[in-house]
Amino acid sequence: MNLDDELRSALRRREPSPDFTARVLARVSMAPVMAAQRPWFSRPATRWVAAMAATLLLAAGTLEYRHYQGERAKSQVLLAMHIAARKLNRAQKKVQMITHRSNS
Amino acid sequence: MKAAAWLMALGLMAGLASAQEVKWNYDKLAAKASDSVDVSLSGPLLRLATKFLSDDDEDEAKVKKLVGGLKGIYVKSFEFKKPGEYTPADLESFRAPLRGADWERIVGVHSTEDGETVEVYIKNEGKGIGGLAIIASEPKEVTLVNIVGPIDLDTLSKLGGHMGIPEVEVDKKK
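One line per chain: the protein sequences are E and U, in this order. 1 is the number of the first residue of the first sequence in our numbering; add one for each residue after it. 1001 is the number of the first residue of the second sequence in our numbering; add one for each residue after it.
Keep in mind the hints are simulated off the structure, nothing from the lab. Any given hint could turn out to be false.
Said to hold, decoys possible - Just some of the chain E residues that point at chain U, by a computed CB distance under 7 Å:
(1) P39
(2) S42
(3) L56
(4) L57
(5) G70
(6) K74
(7) L79
(8) A80
(9) A84
(10) A85
(11) K87
(12) L88
(13) R90
(14) A91
Everything numeric in this text was worked out from a predicted model, so none of it was measured. We put the CB at the ideal spot given by N, CA and C, even for glycine.
Only chain U is shown next, with the shape it has when bound in the complex (with noise of 0.2 Å):
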């Protein structure tokens, strides 16, 4: 009876795990892409992930300490041909689901310059962050990071100015 009661615990326990993973179908922009990057990390390999990561190198020290506590990350990216092989309707779907009570949009940046978009979502778990979403558009790429667990933001943004990726200064008063 008490096995029983786990089992149903475990079950609701994985059920709501996997029910914080934003559901977005990439199968359409999948089969016109002709690059793609697909990473999709959860549960045990995750954390064998991070067992690999060093504590003796900075940047993975880092990124070992963000990513403890997740429960999943998956990242999407998508790079086209040319222009117009992803349509705004395709970007719609995947502000859908981010629709809920749970998620907030934080940022929501659009350059007719460049035609970049970017739309930065946390999901708000309680006090603090619960996982964070991000649809980015260029007129050649697409790219979807979602990643479930408690994220800390402004270490995920100073891992900008390691890795090869130019740091931003960014306004830190609020």
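Just chain E, with the same shape it has in the complex (with noise of 0.2 Å):
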């Protein structure tokens, strides 16, 4: 056999087996099947859900803490004000004192 004769043999049409269209279209209908098969984590539905979960935490997170900063700053000024009108009046009432006595 020249080498002619090789190539028209290896290059001649070959017909599919008579099952070839049946393992197609098993192979087809198994790819779902496949994919449920997938563990549930690594599903992207899954890990949009997971994505929003962690983002609401996130902002629910950081709410709590702005809140929780911004109780603990108005405490902190009410009793920065409570001391600073509680020594005022204590000046008030020491000059008011003093006035009394001179006046009586």
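Two chains, two separate frames, one set of hints: put the complex together.
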């Protein structure tokens, strides 16, 4: 057999086996089943839900911390004003006492 | 170029704002104190606190109005276990920064009975008050108050009748 015959033999058209179509269709129908068999955490929908949940948790945490900071700052303002007012009143009371004494 | 000018202006404004805070060094007293109160609020934290003050509560609404235009609130109070833990020199060091032309002592009272001294200073700014400083001392307590920004002393003193503080009648005649 010369080279031409060898090539012709190698490249000649071959018909697929009779069950070829059935096998391909079987594989195609199995594909979704295989996808469903992937771990739940690697599914795109799960990833989206997880990302959204993480974002919501982060936002809620930030809001909660901001609220805590605000409440703490508010108590500090009230405490500071309480102390300032008390000291101012002490000074006023003493001035009033001195004025009262000097008038009587 | 414009951005640089803005940045410089902002920096200058920030510098001016911080320059209004009285520079007191509390380290010596803090080291000896048995108990202390430290309130230091400025900028965003003070604005945040204002947002959390209620308009419905009478006392909080008053405080909200009072602190609305302030730039800073600094209060330090030190309590000591026994008298003599601080010296007159310590108090003098707190008076020193208030000797500038901006500051004016409006009240200075001392009681030999209970050893209490209260000094009230205001910072004159334009037509109004641009700040308040109080140095109050008792044998076992020293309190320093510095309020930066326009403060209404009348309203502040009226808070004395609320928040659990007994009100003191003040002669309004000037």
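Provide an ascending list of the numbers of those earlier hints which the structure does not satisfy.
As far as the earlier hints go, 1, 2, 3 and 4 are violated by this structure, in ascending order.
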